[in-house]
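Start from the sequences and build out the full structure, keeping to the hints where you can.
Read top to bottom, the protein sequences are chains W and R.
Letter 102 of the first sequence, counting from 1, is numbered 390 in our numbering, and no numbers are missing.
Letter 63 of the second sequence, counting from 1, is numbered 74 in our numbering, and no numbers are missing.
Since the hints were made in silico from the structure, they are not lab data.
Do not take every clue at face value.
[Claimed, not checked] A few chain R positions that, by computed beta-carbon distances, are all more than 10 Å from chain W:
1) 90
2) 133
3) 145
4) 163
5) 172
6) 183
7) 261
[Unchecked claim] Here are the simulated PhoX-like pairs of lysine-lysine, each with C-alpha atoms no more than 25 Å apart in a straight line:
8) W:420 - W:431
9) W:420 - W:405
10) W:400 - R:49
11) W:487 - W:515
12) W:367 - W:340
13) W:405 - W:421
14) W:367 - W:405
15) R:53 - W:405
16) W:431 - W:487
17) R:49 - W:405
18) W:431 - W:367
19) W:420 - R:53
20) W:420 - W:400
21) W:421 - W:431
22) W:400 - W:421
23) W:367 - R:49
24) W:431 - W:405
25) W:421 - R:49
26) W:400 - R:53
Ideal Cβ placement from N, Cα and C applies to all residues, glycine included.
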Amino acid sequence: MIAVHGLVKRIGTQDILRGVDLDVARGETLAIIGRSGGGKSVLLKHLVGLMKPNAGEIWIEGQNIIPMNERQLAMIRPKIGILFQGAALFDSMTVEENIAFPLREAGERDPKVLREKVHQMLEVMELQGEEKKMPVNLSGGMKKRVGLARAIVRRPSCILYDEPTSGLDPVVSDSINRLIRRLQQRFGVTSIAVTHDMKNAFHVADRVAYLHEGRVYFHGTPRELEKTNDAIIQDFLLGRSEEQRASGEKL
Amino acid sequence: MIVRLFNALGGAFLAFLQYLGEVVLLAADTFRSIFTHKFRWKLFFNQIVEIGLLSQVVVVITGGFTGAVFSAQTFFQFNKLGMGSATGAVVSVAICRELGPVLTALMVAGRVGAAMSAEIGTMKVTEQIDALRALAVYPTDYLVVPRALAMMISMPLLVAECIAVGIAAGYFIAIFLLEINGTYYMANMVRWTRNRDIIMGLSKAFCFGILIVFISCHKGLTAREGAVGVGRATTEAVVNSSLAVLICNFFLTMLLNIIYPAGYQ
Ligand SMILES: Nc1ncnc2c1ncn2[C@@H]1O[C@H](COP(=O)(O)OP(=O)(O)OP(=O)(O)O)[C@@H](O)[C@H]1O
Ligand SMILES: [Mg+2]
Numbered sequence: 289m290i291a292v293h294g295l296v297k298r299i300g301t302q303d304i305l306r307g308v309d310l311d312v313a314r315g316e317t318l319a320i321i322g323r324s325g326g327g328k329s330v331l332l333k334h335l336v337g338l339m340k341p342n343a344g345e346i347w348i349e350g351q352n353i354i355p356m357n358e359r360q361l362a363m364i365r366p367k368i369g370i371l372f373q374g375a376a377l378f379d380s381m382t383v384e385e386n387i388a389f390p391l392r393e394a395g396e397r398d399p400k401v402l403r404e405k406v407h408q409m410l411e412v413m414e415l416q417g418e419e420k421k422m423p424v425n426l427s428g429g430m431k432k433r434v435g436l437a438r439a440i441v442r443r444p445s446c447i448l449y450d451e452p453t454s455g456l457d458p459v460v461s462d463s464i465n466r467l468i469r470r471l472q473q474r475f476g477v478t479s480i481a482v483t484h485d486m487k488n489a490f491h492v493a494d495r496v497a498y499l500h501e502g503r504v505y506f507h508g509t510p511r512e513l514e515k516t517n518d519a520i521i522q523d524f525l526l527g528r529s530e531e532q533r534a535s536g537e538k539l
Numbered sequence: 012m013i014v015r016l017f018n019a020l021g022g023a024f025l026a027f028l029q030y031l032g033e034v035v036l037l038a039a040d041t042f043r044s045i046f047t048h049k050f051r052w053k054l055f056f057n058q059i060v061e062i063g064l065l066s067q068v069v070v071v072i073t074g075g076f077t078g079a080v081f082s083a084q085t086f087f088q089f090n091k092l093g094m095g096s097a098t099g100a101v102v103s104v105a106i107c108r109e110l111g112p113v114l115t116a117l118m119v120a121g122r123v124g125a126a127m128s129a130e131i132g133t134m135k136v137t138e139q140i141d142a143l144r145a146l147a148v149y150p151t152d153y154l155v156v157p158r159a160l161a162m163m164i165s166m167p168l169l170v171a172e173c174i175a176v177g178i179a180a181g182y183f184i185a186i187f188l189l190e191i192n193g194t195y196y197m198a199n200m201v202r203w204t205r206n207r208d209i210i211m212g213l214s215k216a217f218c219f220g221i222l223i224v225f226i227s228c229h230k231g232l233t234a235r236e237g238a239v240g241v242g243r244a245t246t247e248a249v250v251n252s253s254l255a256v257l258i259c260n261f262f263l264t265m266l267l268n269i270i271y272p273a274g275y276q
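So, in structure tokens, the structure goes:
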């Protein structure tokens, strides 16, 4: 469904991606983990063609999207929903209008259908009664959930989540994790989730990719990830900083 | 030393050419999109309100006071030659051909151009444009087309309004304050003002509208780096479109004067 080969991205003098290879099968959920600033968000943006790589290929349902222009990409993009790390809500529209936007753009005009679908999404996101608020008046976690609602309301066959549960309380986090699972099981949605939340990664993902220094350093099931005794991954999983390791050795 | 000077000059010149190219490409893309893609009426009417309706006060005040002061100044000079009643002709032709379009365009650049670049620039730096693209909406279709069309329709109307108010204000000043004979004033004005003067003013208005909308939208779409970037984009949009209006006005005057020559013939 989604295949990435040798993706290289350089911005200015910084090598952000140095040859990323990924393969996500239909209906599979992949979690991408990695250090902050490691290029996870940049990688996701490449997958919908928002950024152009310096080298490499991205295949979505058998089509290479790299040589496509914006108009051609607009044919591919309805199949993919993306949740931005900062939610990227349209700040001139209410919550309701934000969620209805993808449906309107897809040609849905009937206000009754729109309202019903929006309400359904609000219920799933536990945001009932917030539909008239403007995005500036929402809390961080609420923005995230509205962004998620906007990303999935059109029922895309593939969803990219950039930190779906960051900034959410444990209860809502859990319900979002369940939602991601449910979308996969019931609708066969293919997902890629960037996350810092290890519980989320283990809960939701079929496979995990660890992005390190611009490459996929580890790729396997959550079980394999737990069992590995690679020092870099161990540090990441246990949340050990360099400092702690150094002082730990001394003690 | 001299090599470096030429390098710097050449670099600036190339950057300028690239900038011009980008604006022209945006305009070309917009016109292509107008004819080939779904039209968003709601956004278009919002922009008509934003550009046309809400600029009324500014335009009326600009036109009114300019007409009044121009009428007074012209009279002070012409009266010495005993030509006071020719004031009307001078005022109306000048307002139709130059003052109306140019002053309106400058005011609209400040009011509307700034708003456009700030709004689009903010959307750019807060990833909202990326969100649009990710939802399969082409930013030119959604953001630039409604603004460009609304501007092309609003500008001639605003200029017409400015001209009308300016001439009326000039007339009232002349009659009531300067005590020119109203009948002579009117007769001279109508005799010397031709349809072609009005056509010239409105053609200029249309061109200035296009300049303002594409320069401002381009600045917004290329904004970067947070609040400072948006601020800079806004300033540059207003400055560039004002300068473009003034410079193009000269060439338009020269060109249009061939088609619509000034004066009584
Ligand atoms: N538009 C851009 N221009 C310049 N540099 C950028 C741009 N976008 C990202 N970067 C750089 O790319 C690197 C990776 O950024 P990215 O946002 O992908 O990190 P991340 O892995 O998502 O981190 P986090 O987990 O904190 O979200 C960072 O060093 C960042 O400064
Ligand atoms: Mg990120």
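Return the numbers of the hints above that this structure violates; sort them in rising order. 2, 3 and 25
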